[in-house]
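Engineer: In case you want the letters, here they are:
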Amino acid sequence: MWKMIVRRFLILIPQLLFISVVVFILAYFMPGDALSGLVDPTMTAEDIERQRELIGLNEPLPVRYVNWISAIIFEGDFGQSYGHKRAVTAVIGDRVSNTFWLSLVMLILTYLIAIPLGILAGRFGGKWPDKAILFYVFVAMSMPTLVLGILMILTFSFNLGWFPSSGSVNAIVLSQGTNWEIFVNRVHHMTLPAMTGALLGTVGIIFMLRANIIDRTASEYVKLARSKGVPTRVIFNKHILRNSIIPVTAGVGFAIAGLLMGVLFIEQIFGYPGMGSLFFESIGRRDYAVVNALIILFSVLTALGMLISDILLTVVDPRIQVQ
Amino acid sequence: MAKEKPGEVIKSNKPPSYFVSKPPSIFKLFLRELRHDYFALISSIILVGLLLAIFIGAPIVNYHHDVMWVTPQPGNLPVSPEASGTIFGLDNLGRDQFNLLFVAARNSLYLAFGVTFFSFILGLTVGVISGFYGGRIDNILMRITDTWSMVPFLMIVIVLFVLFGRTVPLFIFFLTIFTWMGRARLLRAASLSQRQLDYISASKTLGTRNIVIIFREMLPNLVDVAVANFVLSMTANIGIETGLSMLGYGLGWDYPSLGTLMGNAIKTTFLIHFPWTWAPAMVLCLVLMLCVNFVGNALQRVADPRQRFA
Numbered sequence: 000m001w002k003m004i005v006r007r008f009l010i011l012i013p014q015l016l017f018i019s020v021v022v023f024i025l026a027y028f029m030p031g032d033a034l035s036g037l038v039d040p041t042m043t044a045e046d047i048e049r050q051r052e053l054i055g056l057n058e059p060l061p062v063r064y065v066n067w068i069s070a071i072i073f074e075g076d077f078g079q080s081y082g083h084k085r086a087v088t089a090v091i092g093d094r095v096s097n098t099f100w101l102s103l104v105m106l107i108l109t110y111l112i113a114i115p116l117g118i119l120a121g122r123f124g125g126k127w128p129d130k131a132i133l134f135y136v137f138v139a140m141s142m143p144t145l146v147l148g149i150l151m152i153l154t155f156s157f158n159l160g161w162f163p164s165s166g167s168v169n170a171i172v173l174s175q176g177t178n179w180e181i182f183v184n185r186v187h188h189m190t191l192p193a194m195t196g197a198l199l200g201t202v203g204i205i206f207m208l209r210a211n212i213i214d215r216t217a218s219e220y221v222k223l224a225r226s227k228g229v230p231t232r233v234i235f236n237k238h239i240l241r242n243s244i245i246p247v248t249a250g251v252g253f254a255i256a257g258l259l260m261g262v263l264f265i266e267q268i269f270g271y272p273g274m275g276s277l278f279f280e281s282i283g284r285r286d287y288a289v290v291n292a293l294i295i296l297f298s299v300l301t302a303l304g305m306l307i308s309d310i311l312l313t314v315v316d317p318r319i320q321v322q
Numbered sequence: 000m001a002k003e004k005p006g007e008v009i010k011s012n013k014p015p016s017y018f019v020s021k022p023p024s025i026f027k028l029f030l031r032e033l034r035h036d037y038f039a040l041i042s043s044i045i046l047v048g049l050l051l052a053i054f055i056g057a058p059i060v061n062y063h064h065d066v067m068w069v070t071p072q073p074g075n076l077p078v079s080p081e082a083s084g085t086i087f088g089l090d091n092l093g094r095d096q097f098n099l100l101f102v103a104a105r106n107s108l109y110l111a112f113g114v115t116f117f118s119f120i121l122g123l124t125v126g127v128i129s130g131f132y133g134g135r136i137d138n139i140l141m142r143i144t145d146t147w148s149m150v151p152f153l154m155i156v157i158v159l160f161v162l163f164g165r166t167v168p169l170f171i172f173f174l175t176i177f178t179w180m181g182r183a184r185l186l187r188a189a190s191l192s193q194r195q196l197d198y199i200s201a202s203k204t205l206g207t208r209n210i211v212i213i214f215r216e217m218l219p220n221l222v223d224v225a226v227a228n229f230v231l232s233m234t235a236n237i238g239i240e241t242g243l244s245m246l247g248y249g250l251g252w253d254y255p256s257l258g259t260l261m262g263n264a265i266k267t268t269f270l271i272h273f274p275w276t277w278a279p280a281m282v283l284c285l286v287l288m289l290c291v292n293f294v295g296n297a298l299q300r301v302a303d304p305r306q307r308f309a
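Those protein sequences? They're chains V and F, same order as listed. Going by numbering that gives the first Met the number 0, the first residue of the first sequence is number 0, and it counts up by one from there. Going by numbering that gives the first Met the number 0, the first residue of the second sequence is number 0, and it counts up by one from there.
Simulated from the structure, these hints should not be mistaken for laboratory data. A quick note: this is a predicted structure, and the numbers were derived from the prediction, not measured. Be aware that a few hints might be false.
Listed next, the in silico EDC-like pairs over lysine to aspartate or glutamate satisfying Cα-Cα at most 16 Å (straight line) [what the hints assert, rightly or not]:
1. V/Lys-126 to F/Asp-36
2. V/Lys-130 to F/Asp-303
3. F/Lys-27 to F/Glu-216
4. F/Lys-203 to F/Glu-216
5. V/Lys-84 to V/Glu-280
So here's chain V without its partners, still in its complex pose (with noise of 0.2 Å):
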C-alpha cells in the first residue's frame, strides 16, 4: 500500500509541472508582465529596462519559465499584483481563510444532507421515497449553480429577510462585537451560499449510495445472511450500509475538487471575500498576476483532493489499484 501512495505522489509532480505550463503559456499572452505590479511615474524608460534585464525578462522562454517555476516552488513568490500594488501571496492570503471556512461549511453540508437522503432511497428502492429523492437529485442536476443561488437570495434575503444577501461579516459586528458576536455573524452570512452549494453537491453522492446500496442488497452475501435468518434490520445496518458507505466517503477529495468550480461561482453571486470573487475582481481589472495564481492554486487544491481520494479508495478497498 505504501508503494502504491508514493506512486500516487510521484505521478503528482510531472501532472503538476504540465498545469504550470499551460499557464505560464497563458501568461505569455496576457498583456503586461511581472514588472506591471512594481512601475511608478517616476521611472524612466531606461529604469524599466534596465529593471526588466535585472528580473530576467529579456532571456529566453524557457529559463523565464525555470525563474519562474522556482520563484514559486522555493520562496513562494507569485509576483507582484498590478492591481494592489502588494504582493499576490499577500492579496490571496486575505481571501485564503473565507474560502476555506465556507467550502468546509459546504462539505460537511452536502455529506450531512447527502447521506441520509441516500440511504433513504437506497432502503426503499423503486418505492415512493426512493421516487422523491431521485426527483428531487434531477432537479438538483437540472439546476444551474447561479440559478439557485438567485432564487436563495431572492426568496431567503430579499422576501423573507432571514440571511444578508452578500458580504462574510457585518463591518460594525467585526469592530464593535464579542468574539461569539462574530462568529454568529459569519455563519449567518455563510448559511445561504453553503446551502446553495451543498444541495447542488449532494447529486453525486446520493446517486452512488443509492446504486451500492441496490447492489448489495441483491448480492450473495446478503441472500446468504438472509437464508441464516439474519434480520433484515441487522443485514442492513451491517451487512449493506457498512459496505456502501465506505467507498462513499472516501470519495470526499472527489467531492472537493467538485466544490471548488461552484465555489467560484457561489463566491460571485454571494458578494463572498473569497478566492472565487477575488479572481473575478481580478479578471475584471485585468490583474494577471493574481489571476495565474488563483488558477494554479485551485488546480493543486483541485489534484491534492484526487490525491486523498485515490489513497482513501485503496486504503478502503485494496483490489483498487492505481498504476
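Please arrange chain F on chain V, whose structure you already have, making use of the hints.
Structural biologist: For chain F alone, coordinates are given in the frame of chain V:
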C-alpha cells in the same frame, strides 16, 4: 434470388436474414423504457414540443420582426407586459422579451450542441484508441486525461475569452478542449470491456485490420452508451454556457442566449422589480434541462441492461 456461380466472391456482407436475430434498436428499447417511466415519457413529449417550438419559432419570429432591433427605453428601464401590451414585456433596449426568448433558446441549444458534439468526437477518439489498444498507449492517454481534468477549466476559459475575444467558434473551441475528458474516460471503459469479448478476438484471429474492427464491430456496440452520455452532457454544457453568460463572460449582447436573459437577475433592481426580464428564461431553462436529464437517464438505463425497468 440471383444464382451464384461457383467461385464467385459474394459482394454483399449481409448474412441471410434467417440466420440473424437482430437485437432491438436503441430507439425501440427507449420507447419500451418510456412505457415504464412516466417522468421520462412526459419529459420526452415536452422536450419534443419545446424543440419544435424553438426551432420553428425562432426563424418565424426573426422573419417578422427584427428581434435585435434596439430602441432605448426611457430611463434605460424595461417595460412591463401590461404597459407594452406584449406577453413578457420589453427589456431595457426595447426588445420584445417573448421573441427574444425563442432566439435565445435556439442560440443556447446551438452552443451547447456544438460543444457537446466536438468534445464528444474528441473524447470518443481518445477513449476508443485508449481502450482498444490498451497497454502503453492507454497509460499515456489516460495520464494526459487525468492531468487535463485537474485544470480549473472555468477559470482558464474565462481568461481565454478575455484575451482572445468572444465569438461563436472560439466559444465552442475553448469549451471543447476543456470538456472532453469525462467522455474519454467513459468511452475508454466501455471499449475496454468490449475489447475483451470473444467477437473481437475472433475478428483478430481472422486477420481483420484493427481499424475495421473498431469501426465496423466495436463502435456499433458503443452506440447506446454514447447516446446516453451525449444527451446528459448536453445539460452540463447548457449549464456551463448559461453560467458564463450570466456573469457576463459569455457571448455579447448581439448573440443573446438563455444565460444572457437570466443574467438580468444579477442586477438587484431587475431581480426585485422587473421579474419578467429573467423569469421566463429561467423557467424555460429549468424545464429544458429537467426534460433532457430525464430523457438522458432513460437512455442510460437502455445502455445498461441491468438497470432497465422494462
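Engineer: Mind checking the alpha carbons of F/Lys-203 and F/Glu-216 for me, to see if they're no more than 16 Å apart?
Structural biologist: holds (11 Å)
Engineer: With the threshold set at 16 Å, check whether the alpha-carbon distance from F/Lys-27 to F/Glu-216 stays at or below it.
Structural biologist: The hint is violated at about 21 Å.
Engineer: Assess, step by step, whether the Cα of V/Lys-84 is no farther than 16 Å from the Cα of V/Glu-280, and give holds or violated.
Structural biologist: holds (15 Å)
Engineer: Regarding the pair V/Lys-126 and F/Asp-36, is the alpha-carbon distance no greater than 16 Å?
Structural biologist: holds (13 Å)
Engineer: For the pair we were handed, V/Lys-130 and F/Asp-303, check the Cα-Cα distance against 16 Å.
Structural biologist: violated (20 Å)
The structure shown violates the earlier hints numbered 2 and 3.
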